[in-house]
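*Asks:* Listed below, chain by chain, are the residues.
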Amino acid sequence: MPLGFETPEIGETAHGRARDLWPVCRSLTGPGVRETLAYLQKILPDLQVHSVRSGTKVFDWTVPKEWHIRSARLTGPDGEVVADFVDNNLHVVGYSVGVDRELSLEELEGHLYSLPEQPDAIPYITSYYKPHWGFCVSQAARDGMKPGMYRAVIDAEHVDGVLNYADLIIPGRTEEEVLISTYVCHPSMANNELSGPVVAAAVAEWIAQQDNHYTYRFVFVPETIGAIAYVHEHLDLLRLRTVAGYVITCIGDDRSYSFLPSREDGTLSDRAGRLALNSVAPDYKTFSFLTRGSDERQYCSPGVDLPIASIMRTKYAEYPEYHTSLDDLTLVTPSGLQGGFEAVAQALAIIDNNRTWQIKRPCEPQLGARGLYPSVSTKNKAQQVRTLLNIVAYADGKLDFIDLCRTIEAPPADVLPLVQKLLEGDVLELVMF
Amino acid sequence: MPLGFETPEIGETAHGRARDLWPVCRSLTGPGVRETLAYLQKILPDLQVHSVRSGTKVFDWTVPKEWHIRSARLTGPDGEVVADFVDNNLHVVGYSVGVDRELSLEELEGHLYSLPEQPDAIPYITSYYKPHWGFCVSQAARDGMKPGMYRAVIDAEHVDGVLNYADLIIPGRTEEEVLISTYVCHPSMANNELSGPVVAAAVAEWIAQQDNHYTYRFVFVPETIGAIAYVHEHLDLLRLRTVAGYVITCIGDDRSYSFLPSREDGTLSDRAGRLALNSVAPDYKTFSFLTRGSDERQYCSPGVDLPIASIMRTKYAEYPEYHTSLDDLTLVTPSGLQGGFEAVAQALAIIDNNRTWQIKRPCEPQLGARGLYPSVSTKNKAQQVRTLLNIVAYADGKLDFIDLCRTIEAPPADVLPLVQKLLEGDVLELVMF
Amino acid sequence: MPLGFETPEIGETAHGRARDLWPVCRSLTGPGVRETLAYLQKILPDLQVHSVRSGTKVFDWTVPKEWHIRSARLTGPDGEVVADFVDNNLHVVGYSVGVDRELSLEELEGHLYSLPEQPDAIPYITSYYKPHWGFCVSQAARDGMKPGMYRAVIDAEHVDGVLNYADLIIPGRTEEEVLISTYVCHPSMANNELSGPVVAAAVAEWIAQQDNHYTYRFVFVPETIGAIAYVHEHLDLLRLRTVAGYVITCIGDDRSYSFLPSREDGTLSDRAGRLALNSVAPDYKTFSFLTRGSDERQYCSPGVDLPIASIMRTKYAEYPEYHTSLDDLTLVTPSGLQGGFEAVAQALAIIDNNRTWQIKRPCEPQLGARGLYPSVSTKNKAQQVRTLLNIVAYADGKLDFIDLCRTIEAPPADVLPLVQKLLEGDVLELVMF
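Sequences listed follow chains A, B and C, in order.
For the first sequence, numbering that gives the first Met the number 0 begins at 0 and goes up steadily by one.
For the second sequence, numbering that gives the first Met the number 0 begins at 0 and goes up steadily by one.
For the third sequence, numbering that gives the first Met the number 0 begins at 0 and goes up steadily by one.
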């Protein structure tokens, strides 16, 4: 079955997987990433997990050490627990160095993070490239902290090890590739973390069941350093083969749909992504590449120049729960994940079918004589006949599927079956490049 | 005299001709088309009438048989005449097979056509490619039909014969051609039929009296099948020689002016047509090629790819009387036809004069020393001097006449005489390609 | 010091020079132009004054004779002085022939000029190419003239001599040139005359103190005939070397900022000029080349085709005092001149730094490790980091400085120092063409 526009229901399954992955304390490196990738391997048996040793130079960067955290607790003057890593892994500043100190409340200030404007939210804070430690608490909790001596204990260390990432290649009829990349380095947050891997996994499962034109490459990496390491290891191959692709992130809530084009816009990814979102959610928001924030920063970098766009539901930094404990699995829903999945699936179906056709003889064909008029009259008949004639009128061997749909202002899911009928009816033929 | 912007009064004459042609029962084939073409030959003695035999394959189509209708009448239970072909040839479904039957009102339903929302209008219905018969009546008449037995008599037959069309070539200084096409296959309707041939004939008469740069080809065909047959017979020649052209239809009422560009837009026809309409009727409406409906469907088809646009007054399907008995010669008026003629004539004058000029020496010329300032000061003098200087400023050997007019925002009928003065004054010269 | 965005205060100095030049009676030719150029030579010692003999053919024109005016007075029936050249040199029609006649008020009418709608303004009138004489007076004065005999005396003659102009070449590291042209042919008017030469002189002084990439050519000519003569003498050189340039006129009042692009727009001058004005005065007005009126008419003429735009404060013909005695040194102010100077200086700084850079290795650089994050946190830090990353993201070896600034929506004066830091930090490199 060639890749088409029929898509499965994946929302509940994906949400269940997100719940499974919720408690894992992910970071750039360390056991959390490995545990997450191992879980994904159970879903996608052909997923390959790779590692890059700490200290490896990757372009302008050095792969950091692994972070191993075992526990972290901040206790107050009366022994009360102010914050404990076992309650919420956001309580500890990501990549914190180990500490075991008594401090006054005043001394503690430089190691405490909260959000005055969101008093119930625990903020998500990291310090990857400057040794530091800290605790994140709700403003409500902070306001209740009385003067006195506190004890800060973080049982964590940074050890030489590896950075892990995983990829999965699903071969198509051509070696040309479509890239789907998502990240696996945030602790317990839902839209800005888990929605990405669970939707990407669902897309991979769906793609694996089809007979595809393109080869599909799924990449699960720690954000930024992982993508840089991935590009470093695969630059020539990626540049040679990648025809399109998307970063999948923040793709599980029910609010908006968002699109962020590739750096130069106008690529196959941009054209297909916009057309797909126009079908799925015509009121989707388009963001400028100037507002980029995920691994498209690496894939679209000069010298890499991959045509990678981003398909999202509500974009990172555009919703109040972003980078807080409020970004949870009530915000991300089965229907939100299903909608995100469908947007990506539509885009891939458009890309995989992006052929160019031409009519086999001049002038309009006699559709009636070929049974291409619907035999039973329906209320959509007039529109369908109009679409058939528009396909024929623009099948000039120059417009590809995407431009054809845009030109005749018809949804790709409507156009493709009609093209198929016209091919079978000896009206159209495929243009071989 | 070279083709210029001075146009004759043709409204009354054209309207008189439309009245002459009104009663003829035209269809795709048969005596009605022949009678119409014979009438046009009296106006345009060099018009050549051609024929293509029934059964001839033309691309994806087969030339249909001739339709010979002698009479048609529907009588009611009391012998009253419900509809008679002699009263209005719209009363019979176009291309109906012969019939002589008694039927109950109920049995008659599938052969009766009326318009509930336009109770006084007889609709125009055809059934060209599926054998069928029927009568068209006003909704008012239909509402008055009482139960009982009706007699339907249509004395018509389909016979092997020919499809007729006509063309007229008016040679110019070059073999490159401008194509004007209109159709002659509708029965008694005025805007959506007769306005086309009578305006096209007036344009041909005017063109024949000028000294033209281009050769002009006027084509009178039955819509769709006639245009397909014409393209089939002349494809190589049309593709080789046609530089521009228009389908002329619905060009006789007094309401709006309309433009429908060629499939790819941006051709000489599109550029000239828009500039002409901008001069004649700046508030003209532009339609998308997606709303096409006449023989531009064939001329602009992939593989034919002629640069054919449409110039209209109120476009087909955009006015309530369309395809009904209300589309008559009160709707189409002498002034309506005159306006349509002028729009087409302006477009052709623009095309025929679409040269490129350049200045003969750098910097602004001294217009005063050459008598190119108007000798008598008028209130338009300042504007005319400004236009002269603008022509000179943009006479760079790249902008053609159309782009020059658009760039300097001046009407082509104002620019051309000034260009002529500048050529005579040794300021400009013609660029030879 | 390379040409940068730091500009000196020149407003008071420039205004003082305008006051010095105010009384001189300039015209196309004659002592007034020479006196003005001699004054400019004191400021710009390397300014070269040139001359072209009367009668010389320059393209379509002939260099006119010199105009020598010594005095002019119109006296009334009672001996009262109606207008005297010593009071205001606008009182005499520019380039008037000599006269000494008694005339009735009625006979005088064809030689009197005033502005009914600006009763206190003396209009500026010339008659260069048709022998004529006349007096210009305020409407108030004219209304007070009683019937009777008037005496018109103009002691003026037209003699064979020369047309003068001056130029100044400030060499840069390349022979490619930027042209700044202004005019020196109007009598006592401020915005539409003196603002041009005094701002151009200040720009030249500033440029002369920098280490420039381009060579700068400053041209001071009588308008129209002077520019035509200049183009005639230097056409091949100007076409070979000129990469950008501006006509500087009407650049000293405090109202608006105006931009008039070159004929084809999109040149380096247009891109830099718009970017500069966008920084200096985002609400600046853009005019069409169809509203041109100064020496860009010659520089942009087909066959000359220099990329010359105009940077102005309030454009000629767009302010009520234009071409009257009200265009004086209260209308033109030190701050107005300073603003005009800055707009031009910004445009030149943009042009002189319009290089193209590319990143030295793929993916984002680690800015922190290189000290490219500001060491002290300021409120602008986030924006500066964002701009740094945007520079890097678009440093693809294709976008030049101008396109880079426009793409990342950052002011050129902010971007250039950051580019410098990135060059020093081994992140960027200059693309050699």
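Derived from the structure by calculation, the hints contain no laboratory data.
Check the hints yourself; a few may be wrong.
Which copy is meant is left open, because identical chains are indistinguishable; a pair holds if it fits in one copy or across any two.
[Claimed, not checked] Cross-link-like lysine-lysine pairs, in silico, DSBU-like; alpha carbons within 30 angstroms at most:
#1 K41 with K129
#2 K41 with K420
#3 K41 with K145
#4 K64 with K359
#5 K129 with K56
#6 K145 with K64
#7 K284 with K129
#8 K41 with K284
#9 K145 with K56
#10 K129 with K359
#11 K64 with K397
#12 K129 with K420
#13 K420 with K359
#14 K284 with K64
#15 K420 with K397
#16 K397 with K41
#17 K145 with K284
#18 K420 with K145
#19 K41 with K359
#20 K284 with K359
#21 K397 with K145
#22 K420 with K56
#23 K56 with K284
#24 K56 with K397
The structure presented is a predicted model; accordingly, all values stated were derived computationally and were not measured.
*Asks:* Now tell me if each hint is right for this structure.
*Replies:* Evaluated hints:
{"no.": "1", "hint": "K41 with K129", "verdict": "neither (35 angstroms within a copy, 61 angstroms between copies)"}
{"no.": "2", "hint": "K41 with K420", "verdict": "neither (40 angstroms within a copy, 48 angstroms between copies)"}
{"no.": "3", "hint": "K41 with K145", "verdict": "neither (48 angstroms within a copy, 76 angstroms between copies)"}
{"no.": "4", "hint": "K64 with K359", "verdict": "between (62 angstroms within a copy, 26 angstroms between copies)"}
{"no.": "5", "hint": "K129 with K56", "verdict": "within (18 angstroms within a copy, 75 angstroms between copies)"}
{"no.": "6", "hint": "K145 with K64", "verdict": "neither (36 angstroms within a copy, 95 angstroms between copies)"}
{"no.": "7", "hint": "K284 with K129", "verdict": "neither (36 angstroms within a copy, 49 angstroms between copies)"}
{"no.": "8", "hint": "K41 with K284", "verdict": "neither (35 angstroms within a copy, 61 angstroms between copies)"}
{"no.": "9", "hint": "K145 with K56", "verdict": "neither (46 angstroms within a copy, 94 angstroms between copies)"}
{"no.": "10", "hint": "K129 with K359", "verdict": "between (66 angstroms within a copy, 25 angstroms between copies)"}
{"no.": "11", "hint": "K64 with K397", "verdict": "neither (52 angstroms within a copy, 37 angstroms between copies)"}
{"no.": "12", "hint": "K129 with K420", "verdict": "between (62 angstroms within a copy, 22 angstroms between copies)"}
{"no.": "13", "hint": "K420 with K359", "verdict": "within (14 angstroms within a copy, 52 angstroms between copies)"}
{"no.": "14", "hint": "K284 with K64", "verdict": "neither (38 angstroms within a copy, 57 angstroms between copies)"}
{"no.": "15", "hint": "K420 with K397", "verdict": "within (20 angstroms within a copy, 45 angstroms between copies)"}
{"no.": "16", "hint": "K397 with K41", "verdict": "neither (44 angstroms within a copy, 45 angstroms between copies)"}
{"no.": "17", "hint": "K145 with K284", "verdict": "neither (45 angstroms within a copy, 60 angstroms between copies)"}
{"no.": "18", "hint": "K420 with K145", "verdict": "neither (75 angstroms within a copy, 46 angstroms between copies)"}
{"no.": "19", "hint": "K41 with K359", "verdict": "neither (49 angstroms within a copy, 40 angstroms between copies)"}
{"no.": "20", "hint": "K284 with K359", "verdict": "neither (40 angstroms within a copy, 34 angstroms between copies)"}
{"no.": "21", "hint": "K397 with K145", "verdict": "neither (72 angstroms within a copy, 58 angstroms between copies)"}
{"no.": "22", "hint": "K420 with K56", "verdict": "between (54 angstroms within a copy, 23 angstroms between copies)"}
{"no.": "23", "hint": "K56 with K284", "verdict": "neither (38 angstroms within a copy, 52 angstroms between copies)"}
{"no.": "24", "hint": "K56 with K397", "verdict": "between (45 angstroms within a copy, 28 angstroms between copies)"}
Taken one by one, the earlier hints fail for this structure at numbers 1, 2, 3, 6, 7, 8, 9, 11, 14, 16, 17, 18, 19, 20, 21, 23, listed in ascending order.
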